[in-house]
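Those protein sequence lines, which keep their order, are chains A and B.
Numbered continuously in my numbering, the first sequence closes out at residue 326.
Numbered continuously in my numbering, the second sequence closes out at residue 616.
In short, the hints are calculated from the structure, not lab data.
Any given hint could turn out to be false.
Said to hold, decoys possible - One side of the interface only, derived from the structure: several residues of chain A facing chain B at Cβ under 10 angstroms: (1) His-85; (2) Trp-138; (3) Ile-201; (4) Gly-261.
Stated by the list, open to error - Which residues of chain A face chain B? A few of them, derived with a C-beta cut under 10 angstroms, are: (5) Pro-27; (6) Pro-29; (7) Leu-30; (8) Leu-259; (9) Leu-316.
Said to hold, decoys possible - Distance condition first, Cα-Cα at most 25 angstroms in a straight line; then the derived SDA-like pairs of lysine to any residue: (10) Lys-421(B) x Phe-191(A); (11) Lys-421(B) x Phe-159(A); (12) Lys-593(B) x Val-102(A); (13) Lys-197(A) x Arg-9(A); (14) Lys-197(A) x Leu-456(B).
Virtual Cβ for every residue (Gly too), placed ideally from N, Cα, C.
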Amino acid sequence: MANAITIRRRRELLIGAILLAVLAVLPLPLHDVYTRNLIIITLLFAGLAQAWNILGGYCGQISLGHSLYFGIGCYVSTLMFVNGHIPPPIGMIAGGLAAAAVALLVGWPCFRLSGHYYAIATVVIQEIAYLLALNWDWIGGASGVYIPFRGESWLNLQFRTDKLPWHYVVLAFVALTWLTAWTLEGSRIGFAWRAVKDDVIAARSLGVRIFPSKMAAAGVSGFLTGVGGAIFAQYVGYIDPDSILSGPLAILIALPAVLGGVGTLWGPLIGAAVLIPLKELSSSYLGSSGSGFDLMLYGLLIMAVALLRPQGLGSLLKRGADAGAA
Amino acid sequence: MLETIAQVVLSGLLMGLIYALVAAGLSLIFGLMDVVNFAHGELMMVAMYAVFTLWQVSGLDPFMLLPVVAALLFGLGIAIYRLLIARALSVRFNKGMVQIFVTFGLAIFIRGFAQFVYGGEFRSITGTVLANRTASLGDVYLPLPQLAAAFVCLCAFAGLLAISRTEFGRALEATREDREAVALIGIDRDRIFALGWGLGAATVGVAGVMLAGFYYVSPNVGANFALIAYVTVALGGFGSMLGALAAGLLIGEVEAITAAVLEPSLKQVGMFAIYLAVLMFRPRGLFGKI
């Protein structure tokens, strides 16, 4: 029997497929390098925010240190490629697994902490990793690592002449994160996560095993974030602690999900589609020479959305859809 | 050897008192209304720029400007509460997340504003009577601006304790204990929250002015101190003044010792590691209420 939930989930899958098709042809008429780059970065952050959303949204554990997993994905994949000549598609998985392992290692002690204590612990652990990376010469220290160009190919995941292949790489990443979220949302563990988020005590009384549920969310979230990091490293061709392990990056990973709607399937996509172009455009048109005006705008935007739309921008669409159905 | 140890311990103590006072303002606001102010470091930065500007305009000794800046920050704290926090508290969805991101947005806004007005370069205040002077105890040298800062921090702590004995302090404590019940005995919760924000901002303002006597000012100076403040507050236990003082001193000592024994660039790793270690055994911090 197809109940309301099954129908809704099928509809979501259909919308997802249509959106994927639209995004697949979107860059074809846009030949401008700047625009293509903007779309790629937006998609990448949509995927990262979706990865964050699994732990921070569905499971309700507000991590403010996700750049740690991003950075680990970057470093593992890059060092394997640079020192070991291992192709990035393999390094990406290794990076994701390493990030997942670290996420579990972080979660093991930190999931005993609640609320603000957990959020601050995640910031601190990320900050320790950042400071250590700055001082660790074997992984490039503060000066970072350049990724040598070894010929344009999918195996090397390096494309110089055209940005189009990159578009499909990040689109595949977004599709992966979205499908993961969609699958888990309807599964037993997805219900467990929402129960943990809403009321830990009630969840426990219903037989939800709190700690394993949180660990599962951390593992999945860490893995996907690490994969995103590995893609980013290959895309920009240069990594250093400031660009891949920093506190502001951790916020930027979480923010699209918060703006679009936490714990929702579409929130991270909507949030990224609004936030990332706004941020990139304002910093390239207003922020030249670091005048700070772009930061003021960015801050105002965050405050405005948080206060005016606490349930996220995605809820605007939802209301429209409901009205249309009625 | 003995002098080196004394030097390390004393400089850790002086810095620790500043950390403690920065954390006290944060802890006060958190204890009152369960809001972590992620713009706390930026309030400190505002105080530093305020004293810098007033010093340049008036030519007065920066330390004499302390009451003016504290009053300014008090007003700023109240304004932030009225304009932003009161609204964030009345939100019905995702309350915790709204509070985090409203104060985060505020932090980014203030940082951008400072960058906009003052540019990114480092500035320092040289006009204090104490600048570049040191006190010496045998072979141990202590810069006077830091000694003064530590002394003022101690006074500010005493002031906070004194306030907690007054009628207002008792209202603060009562609001903390039970936000709903205080309305029944005629305490205006909104007013107490606003004053709490004013007091929290003024506290970090005092720390900022004293810090500006020996520390450079830049739009990003707050971020680093804020992180230390969160660690201090979480280590001491949210909402506990005594916890903030004890944890601030501990953090200052650990930092000084790590810098001396290991490497100065790793000094924060030491304090963060101590924080994590303590949290493993006491998830609510040293003095936090379980």
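Structure-based check of all given hints:
| no. | hint | in the structure |
| --- | --- | --- |
| 1 | His-85 | violated, 32 angstroms |
| 2 | Trp-138 | violated, 16 angstroms |
| 3 | Ile-201 | violated, 16 angstroms |
| 4 | Gly-261 | holds, 9 angstroms |
| 5 | Pro-27 | violated, 30 angstroms |
| 6 | Pro-29 | violated, 35 angstroms |
| 7 | Leu-30 | violated, 30 angstroms |
| 8 | Leu-259 | holds, 8 angstroms |
| 9 | Leu-316 | violated, 13 angstroms |
| 10 | Lys-421(B) x Phe-191(A) | holds, 21 angstroms |
| 11 | Lys-421(B) x Phe-159(A) | violated, 44 angstroms |
| 12 | Lys-593(B) x Val-102(A) | holds, 23 angstroms |
| 13 | Lys-197(A) x Arg-9(A) | holds, 21 angstroms |
| 14 | Lys-197(A) x Leu-456(B) | violated, 53 angstroms |
Going down the numbered hints, you'll see the structure goes against 1, 2, 3, 5, 6, 7, 9, 11, 14, while the others check out.
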